[in-house]
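Q: Spelled out, the chains give:
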Amino acid sequence: MARMKFLCDADRCIECNACVTACKNEHDVPWGINRRRVVTLNDGKPGERSISMACMHCTDAPCAAVCPVNCFYTTADAVVLHSKDLCIGCGYCFYACPFGAPQYPRVGNFGSRGKMDKCTYCAGGPEADMSEAEYVKYGRNRLAEGKLPLCAEMCSTKALLAGDGDIIAQIYKERVVKRGYGSGAWGWKTAYRETVAI
Amino acid sequence: MLIKRKSGEASRGKLQTLAVAMASEAVDRRTFLRRSGLAVGGLAAVGAIQLGAVKKAQAVSAPVPGAPVTIRKNICTHCSVGCTVTAEVQNGVWTGQEPSWASPINRGTHCAKGAAIREIVHGDRRLKYPLKLVNNQWQRISWDQAINEIGDKMMELRAKHGADSVYWLGSAKFTNEGAYLFRKFAAYWGTNSVDHQARICHSTTVAGVANTWGYGAQTNSYNDIRNAKTMIFIGSNAAEAHPIAMQHILSGKEINRANMVVCDPRFTRTAAHATEYVRFRSGTDIPLVWGMLWHIFQNGWEDKDFIKQRVYGMEDVRKEVEKWTPEEVERVTGVPGAQLKRVAEMLAKEKPATIIWCMGATQHTVGTANVRAFCIALLATGNVGSSGTGANIFRGHTNVQGATDLGLDVTTLPLYYGLTEAAWKHWARVWETDYEWFVNQFDEVPAKGGRPARTKKQNMEAPGITSTRWFDAVNMPADQVDQRDNIRAMIVFGHGGNTVTRIPEAKKAMEKLDLLVVADPHPTTFAALSDRRDGTYLLPIATSLECDGSRTASNRSLQWGEKIVEPAFESKDDYEAMYLLARKLGYADMMFKNIKVNGTKPVAEDILREINRGGWSTGYCGQSPERLKAHMKNQHKFDLVTLRAPKDDPEVGGDYYGLPWPCWGKPEIRHPGSPILYNTNVHVKEGGGTFRARFGLERNGQTLLAEGSYSKGSELTDGYPEFTMGVLKKLGWDKDLTPEERAVIERIGGNNVDAVSWAIDLSGGIQRVCLEHGVMHYGNGKARANAWNLPDPIPVHREPIYTPRPDLVAKYPTRPDAREFRMPNVGFTVQKTAVDKGIAKEFPLILSSGRLVEYEGGGEETRSNKWLAELQQDMFVEINPADAADRGIKDGQWVWVLGAENNARTRVKALVTERVGRGVAWMPFHFSGFYQGADLRNRYPQGTDPVVLGESVNTITTYGFDPVTGMQEPKATLCQIRAA
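Going down the list, the protein sequences come from chains A and B. In this text, residue positions in the first sequence follow our numbering: the first is 1, and each later residue adds one. In this text, residue positions in the second sequence follow our numbering: the first is 1, and each later residue adds one.
Hints are not guaranteed to be accurate.
Unchecked claim - Within a straight-line C-alpha distance of at most 20 Å, the following computed SDA-like cross-link-like pairs (lysine to any residue) qualify:
| # | chain 1 | residue 1 | chain 2 | residue 2 |
| --- | --- | --- | --- | --- |
| 1 | B | K425 | B | R747 |
| 2 | A | K45 | B | L911 |
| 3 | A | K45 | B | T275 |
| 4 | A | K45 | B | G919 |
| 5 | A | K45 | B | K890 |
| 6 | B | K229 | A | V176 |
| 7 | B | K229 | A | R179 |
| 8 | B | K425 | B | A755 |
| 9 | A | K45 | B | G892 |
| 10 | A | K147 | B | A62 |
| 11 | B | K128 | B | Q145 |
| 12 | B | K351 | B | F306 |
| 13 | B | K349 | B | Q339 |
| 14 | B | K351 | A | R179 |
| 15 | B | K507 | B | N903 |
| 16 | B | K128 | B | I141 |
| 17 | B | K666 | B | S624 |
| 18 | A | K158 | B | E254 |
| 19 | B | K629 | B | R72 |
| 20 | B | K507 | B | R532 |
| 21 | B | K729 | B | A755 |
| 22 | A | K45 | B | G334 |
| 23 | B | K837 | B | N903 |
| 24 | A | K173 | B | N256 |
| 25 | A | K158 | B | R257 |
| 26 | B | K730 | B | D718 |
By construction, these hints were calculated from the structure, which means they are not laboratory data.
Model the full structure from these sequences, guided by the hints.
A: Written out as structure tokens, the structure reads:
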């Protein structure tokens with residue numbers, strides 16, 4: 001079975017924010033909820049790089065591990081989804097998530113933050129595929145239509161790749177070999193230092 | 001844990017089968033919008049979200065279960081790359097957007113603006129019905145009343161002050177058909193004061209480039225940059241201004257391992273991806289380029305054969321370049337000699353090389369000279385007229401190229417025919433309106449201010465007032481304005497008011513106008529900025545996406561966009577608004593003689609056919625609506641790099657995508673378009689060409705015709721002049737004309753048939769016969785390194801009017817004061833006064849402006865789009881950490897940015913960053929709605945205020961105009977910054 005992943009090629013990302021507005025457009029995500037965002041490091045300095053961030057659909061998702069009501073589930077395509085019917089808006093997942101993916105519609109010192117919202121990998125939620133109920137709570141279900149997440153499909157420079165992890169890894173590898181300079185995969189240097197030369 | 005089933009059918013249609021009951025009641029777009037309340041702003045929505053439901057508050061554009069889905073394609077309106085937008089429409093409502101995989105230009109992708117474009121149409125901040133300002137209150141009126149009152153007022157002003165007292169400001173958001181119609185409208189009204197955004201973006205490019213080799217447009221294409229081995233960006237931040245271009249640029253960089261050099265005063269997002277970044281001082285482009293050429297000439301790296309065969313006057317350039325030693329270049333630009341030598345060597349040796357430029361180069365008092373210098377660098381190194389080379393000029397709006405081509409310009413009728421008698425007679429023939437009738441529509445100009453009077457005919461042939469000076473023509477004493485009277489009325493279609501420099505003076509002028517008409521989807525700065533109390537009309541106009549018609553991308557490809565949905569609310573498209581006004585003014589029947597009008601709606605296809613019938617000069621004659629629609633339908637067949645369809649295709653075989661102009665002859669001869677201009681490696685019937693012989697045959701004893709260079713398969717194997725019937729006869733080729741073609745030529749020529757040229761031959765016969773013989777009817781000339789008709793025939797460095805280096809002004813002063821475009825240009829006096837007063841001490845920081853990826857142009861439309869507005873909520877100024885420390889300014893705090901004129905000031909947030917060098921401040925130009933610290937939100941008609949407002953940078957920009965085009969100077973002026 002495919003394991004769906006995102007990969008952002010930081011040597012291609014130009015911080016154009018198409019992924020962000022494509023997501024808003026597709027799911028009609030309201031102001032203040034950011035399922036996806038672009039982060040720029042070393043802004044304005046040599047070595048400036050941008051990467052597009054959303055839920056990374058972890059294999060062993062920390063959000064699921066801390067959720068007191070067990071609202072998370074992983075689909076057969078390895079997409080991490082959740083049920084808004086079960087969610088109690090406690091915010092534990094926000095603290096657990098290393099990527100800042102969970103978003104909440106309410107702010108305040110007391111009480112619920114509202115039902116958590118996050119990137120669904122354009123795969124909807126537990127309701128029937130492409131149903132009205134699913135659309136209202138989670139947005140469109142492109143995966144069920146045989147399409148990939150719109151953020152990646154619309155990425156201006158094809159920096160953001162989405163699809164089966166093995167396939168996008170292969171695409172990325174070929175790209176790096178062809179252009180002949182360092183890996184733009186975010187975190188590569190942290191993980192491997194300079195010991196792996198491409 | 002829940003495990004979700006994953007066996008959905010691959011079609012969005014499934015949604016239709018579910019909840020059919022929901023759709024039992026037919027919902028059309030208007031009731032849909034009405035029901036949703038229209039008032040749900042992004043900000044307001046935050047508090048209103050219900051538990052669980054993310055989008056309950058946002059129902060406007062939700063998919064409608066059970067409704068069939070129609071796919072419609074249009075073109076994104078936000079820059080000139082020309083991305084196809086694929087819309088899913090249900091029940092007349094735009095409910096979804098899919099990637100446009102088939103387009104060879106964007107291949108499915110978009111930037112933030114393109115990906116958010118659906119909201120532009122749904123936008124709840126749009127104008128909904130016509131409004132009139134009465135005693136400082138906005139009143140709703142009907143279209144009939146609006147057109148009647150506007151028309152009556154215009155006729156009254158015309159009688160009292162002349163036709164030239166009404167100014168026609170058009171738009172780069174028009175379709176080609178809209179732009180053409182607007183220019184035609186001004187001709188019927190009787191004025192040449194008709195302009196659009198190209199004045200302030202690439203007017204200098206058009207003038208400079210056309211004066212070098214014939215046509216003032218991008219020579220190659222975005223896709224062709226994939227072939228380049230060296231790309232030099234000067235004053236272009238493609239990553240923010242043309243993000244989809246970056247797809248091609250970065251692919252070229254990766255696949256060819258191409259050099260990507262970015263020369264810019266600011267370390268842009270584009271520079272972040274460059275292989276070499278050159279930081280230089282704003283306004284010193286010419287020394288920068290001459291500095292490169294100095295190394296090229298010193299080392300003999302120039303392309304000697306190319307220069308000998310195809311370039312005139314390079315020796316004169318050599319003399320000027322000799323002055324620019326590495327030491328002098330470093331003194332003026334700040335760039336070390338060794339770095340420029342490296343870049344020069346890439347340009348000359350790692351070929352093909354291209355120079356890419358944008359408004360960083362063009363928006364200067366020396367804009368025309370700047371782009372001339374770039375062209376000369378390309379000519380010297382033989383980098384024009386083949387793939388991977390060329391002047392890749394990235395233009396700004398969807399159709400700024402087309403609107404320029406179609407004559408929204410004070411110096412020409414459509415398609416660069418100019419304003420001469422011959423030009424007027426050509427268009428009078430196409431329009432089938434009597435030439436004398438046009439003459440009588442124009443004003444007689446009395447002698448004043450020591451200048452002689454002008455007859456109607458002379459006035460008809462005199463360039464109008466540029467959009468950069470309209471307010472001066474309102475404010476200045478009448479004897480200073482070289483026409484019958486001052487400007488009294490502004491008719492503004494699709495044009496922001498905050499994109500032109502010196503806003504405090506524009507504001508004064510807005511208050512003086514007798515009539516101000518804003519025809520736009522949004523009220524714009526024109527409606528909100530001034531203290532006008534009466535006499536402003538707002539007409540709700542359809543967005544570009546609600547309008548049929550063709551758009552010309554920067555690479556000269558025409559793309560047909562279809563109306564995605566009917567115009568929302570009471571909006572009408574540009575064509576209908578113009579028709580209604582023409583009808584009121586009494587010349588609709590003449591103006592629409594050959595254009596079908598359904599009710600009050602002119603048919604876009606018919607307008608294009610009329611353009612085809614008259615568009616010989618620029619090759620707008622072959623792109624019939626049928627051919628363009630076939631291209632949109634067969635987008636997937638065009639090659640990504642060459643843009644060509646396979647020859648054997650039945651519908652688009654052999655065509656280049658969008659039939660990039662020039663596409664010669666009648667549509668029936670199926671010229672494929674010209675993807676690369678002046679390309680001699682290709683037969684003219686396959687899109688090849690030569691440099692245009694438009695500057696004469698010889699000068700100072702030197703030939704201006706090409707020597708030993710000609711296009712592939714040409715029967716003439718040397719340079720030749722442009723073709724007339726006489727030349728055709730001399731070669732004996734006139735026998736190839738059909739009797740019909742000959743009859744048309746004889747009718748046009750009257751008693752001087754030999755003088756009928758290729759550009760005014762309405763039969764297309766001369767073009768057809770020339771193509772058959774493999775020759776280019778516009779001649780085979782040399783490009784001009786020396787353009788003797790320009791103020792500076794060889795570009796010379798001139799310091800900005802407000803320069804941070806007054807010590808250089810004595811050696812490099814701006815041009816002497818002069819009169820241009822009916823107005824005085826006193827740049828020299830202003831510069832001298834600034835130096836004498838020591839303005840640079842009081843205002844020590846260079847101020848430059850530019851684009852953000854989220855917004856476009858004046859920004860009213862994009863700042864009203866909540867998906868975009870969320871990403872940029874504050875106007876800001878970028879300031880270097882050292883300059884900020886000197887002033888005690890912290891990142892994110894409010895500051896005052898003070899301008900050098902009018903005691904103008906703006907209150908904005910500080911963004912402390914090394915992106916700008918020490919001594920440089922940079923501000924985006926998309927904001928308005930705040931003026932010198934005051935919030936103008938309540939000036940907008942209720943519900944039409946953009947989500948985000950901010951100070952406009954042009955409140956503090958200053959005087960300075962290019963002598964050739966009247967271009968403003970927002971890229972190099974001075975300011976001071978203080979903590980607020």
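Q: Under the constraints set out in the numbered hints, which ones does this structure not fulfil?
A: none
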